[in-house]
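S.K.: One letter stands for each residue in the lines below.
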Amino acid sequence: MRAGTLPSTAYDDMPYTRGGTVDRAEVGALVQSAVDGDAAAWKALVEGLSPLVWSVVRSHRLSDADGHEVYQTVWLRFSQHLRRIREPQKAGSWLASTARNECLKVIKSLRRLMPTDDPQLLDRVSEERTPEQSLIDAEEAASDAERIRRLWQEFEELGDRCRQLLRVLMASPPPSYQEVSAGLGIAVGSIGPMRQRCLRRLRARLDALGAL
Amino acid sequence: MHDDGLDAFDAFGQDPLNEEEFAEQEGELDDGAGEFEDGLLEEELRQAAAILDPVPAELLQFAMDAYALYDLDARLAELTFDSLVDAIPIRGVTDAPRMLTFTAGELSIDVEVTSEGLMGQVMPPQPAGIEVLGGPQVLHPTTLTADAMGRFTSAAPPTGPFALRLRAGGEVVVTEWLRA
Numbered sequence: 001m002r003a004g005t006l007p008s009t010a011y012d013d014m015p016y017t018r019g020g021t022v023d024r025a026e027v028g029a030l031v032q033s034a035v036d037g038d039a040a041a042w043k044a045l046v047e048g049l050s051p052l053v054w055s056v057v058r059s060h061r062l063s064d065a066d067g068h069e070v071y072q073t074v075w076l077r078f079s080q081h082l083r084r085i086r087e088p089q090k091a092g093s094w095l096a097s098t099a100r101n102e103c104l105k106v107i108k109s110l111r112r113l114m115p116t117d118d119p120q121l122l123d124r125v126s127e128e129r130t131p132e133q134s135l136i137d138a139e140e141a142a143s144d145a146e147r148i149r150r151l152w153q154e155f156e157e158l159g160d161r162c163r164q165l166l167r168v169l170m171a172s173p174p175p176s177y178q179e180v181s182a183g184l185g186i187a188v189g190s191i192g193p194m195r196q197r198c199l200r201r202l203r204a205r206l207d208a209l210g211a212l
Numbered sequence: 213m214h215d216d217g218l219d220a221f222d223a224f225g226q227d228p229l230n231e232e233e234f235a236e237q238e239g240e241l242d243d244g245a246g247e248f249e250d251g252l253l254e255e256e257l258r259q260a261a262a263i264l265d266p267v268p269a270e271l272l273q274f275a276m277d278a279y280a281l282y283d284l285d286a287r288l289a290e291l292t293f294d295s296l297v298d299a300i301p302i303r304g305v306t307d308a309p310r311m312l313t314f315t316a317g318e319l320s321i322d323v324e325v326t327s328e329g330l331m332g333q334v335m336p337p338q339p340a341g342i343e344v345l346g347g348p349q350v351l352h353p354t355t356l357t358a359d360a361m362g363r364f365t366s367a368a369p370p371t372g373p374f375a376l377r378l379r380a381g382g383e384v385v386v387t388e389w390l391r392a
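Residue numbers (our numbering), protein chains in the order written: chain A, 1 to 212; chain B, 213 to 392.
Only chain B is shown next, with the shape it has when bound in the complex (with noise of 0.2 Å):
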């Protein structure tokens, strides 16, 4: 069972050089013409990645429009704990709901996101706005309101990257952007 870890993909950086691919022995390697020839095959490796993989246009046209969203006038809440990444995996159970807690200050953000939607619960518990933010292409956010308890929720689970950005207090808040 390979339930609690990510090996073969991120064994890189464990033991980066003991794998057989590593493991046979290479003659003596250092020498200036061989670099140079290094360099110049990288040099085409990376004209062939211009021409057979570049950065698609829509996603650069995307990292330019991320600017827009640039906000100046909210605190920032820091994913502090993600369920995918913190949580001990239970065995068997594949479908668990996504646990994420934003944390900005005193105030802190639990959010829930399973394929039916969003809840969550602003603490200290207080009524807030909540919008939830989608990337600079969705010119309307869904909005949200909190209850006296701090509990929302959505019934549309957010698709693609989203952040939550709350007015509680008389404050903004906004969550790190996050892939659900």
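The shape of chain A in the complex, shown without the other chains (with noise of 0.2 Å):
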């Protein structure tokens, strides 16, 4: 950190271990479980952390294929780590941080194939559903499918480091700082001001809109 940024270490001290439907001091107990060969535990993990990971995946905005590439290699090599990860309570980081490489890994073999400094290269839409088709899908109730899809629209105009940012924060259930800090190489420390200010410019956004 240079000088004249936030203190990063203000918020060092704070144990955020924010609530979820996993607790996520249970998940050194499950990995425990599933090195034992407990597949239950194994499937506890996946459900309770898949969206983390996948969150850090779309934060990174790979196309579709590379996107699900990394997911399945992520797993795999959790997999294949189980009985060594030194601290098994931070399965969690450990996940965001391998997905946050082999993110960045795409990202630079890209950069190799296509001499071009143009990012709109790497940010190819979507070949499967795109957000809209999926809405109406869920469109159940008119109004608030269209409040979500405006709050998703202003969320994907947002600054990059904004939207990476909070598409990671918005994980189910919601990823430590920790976390968080793994799957986007930033101190725990700049997590929570970043936060507030990006959740403010969105919600003034959606405010000059009078959506919500």
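No false leads were mixed into what you were given.
Label-pair distances were calculated between CB atoms; the ranges are:
(1) B:M361 - A:G159: 50 to 56 Å
(2) B:T355 - A:S143: 56 to 62 Å
(3) B:D298 - A:G210: 48 to 54 Å
(4) B:G244 - A:D36: 42 to 48 Å
(5) B:D294 - A:G210: 48 to 54 Å
(6) A:K43 - B:G246: 34 to 40 Å
(7) B:A299 - A:A29: 38 to 44 Å
(8) A:Q153 - B:E324: 43 to 49 Å
(9) B:A269 - A:E146: 21 to 27 Å
(10) A:K43 - B:E290: 24 to 30 Å
(11) A:D36 - B:P337: 36 to 42 Å
(12) A:L209 - B:A245: 18 to 24 Å
One-sided excerpt, in silico: chain B residues whose CB lies under 8 Å from chain A:
(13) D250
(14) L257
(15) L271
(16) M276
(17) G347
(18) L390
By construction, these hints were calculated from the structure, which means they are not laboratory data.
Yeah, the Cβ is synthetic: ideal placement off N, Cα and C, and Gly gets one too.
Got two chains here, each in a separate frame; can you build the complex from them with the hints?
M.R.: Written out as structure tokens, the structure is:
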């Protein structure tokens, strides 16, 4: 951190174990059970931590094909490392960090294949269902759907850093700040202030629309 | 030229609060009511993501199935060199082969992946039976044989994540999963 930025130490002592359906304290026990052959424990880990892995992948804006392969690689590698993870209770951070590294490798290999600085090429449009299509599927209450669509649209139009940070934060259950830090390579202490700015920036956009 | 870095994409972490995005002065930020509203907005985003950008069902299933590949018998060969990360890029060369080295104790496996296929060598040189694993959906992995010099080749480049499972000198070694 450079001098003049927000103090990063102020938040480091805070125990950021935000709530969620998977109690992060249980993650260590689930890892141990999976090591011992308990398939149900593995399933619980996948269900509880897949949205985090997916969020980290999506925050890096890979193509669908690349994103899917990164996600797959992360879980295959997790199964290999299960016995070797030094701090099983931090399996979420391990997964987030592995996902980030694999995303950066994809971006780096694309850069080599395409001698261009145009980020649009890295930001290919999804070949699968567009948010609009998915939305039609999900559309039971038109006004709710419209609200969500607007929210998502404004979110997508935020700057890269806010979009990236919020995409990881919105994983379900909510990731801890250690996990966000591992997934994005930013200091734990800068997440709180950035989160606040990004959410308020988003709210200002929504207010300007009169949407919410 | 930007052939040497990930700027703009991995710049996160190097200088996160110094971008124009955060450059303007904002008012006093912290108050309890604001924090409460932030939490509500974050929760709305979480609901939106669950509807508009959920984990695809087939990927969830893939991760469930990955447990079947949890291999108690094999020793893990870790990725210790990856040309994508560790090599200095050569200007103008955009299709350099991916060079990988996996290491498990004294044993190492060098692998070169190109669009033509895969070739490699087991070190110290020795014959070995090698399976190219391709994820839980691949029921019949390609099998290769390393000659007395430890060399092996495959005419098919791996698609998607792959790992090599070797039988050499009475033990089983498996490389870390990797996306080629």
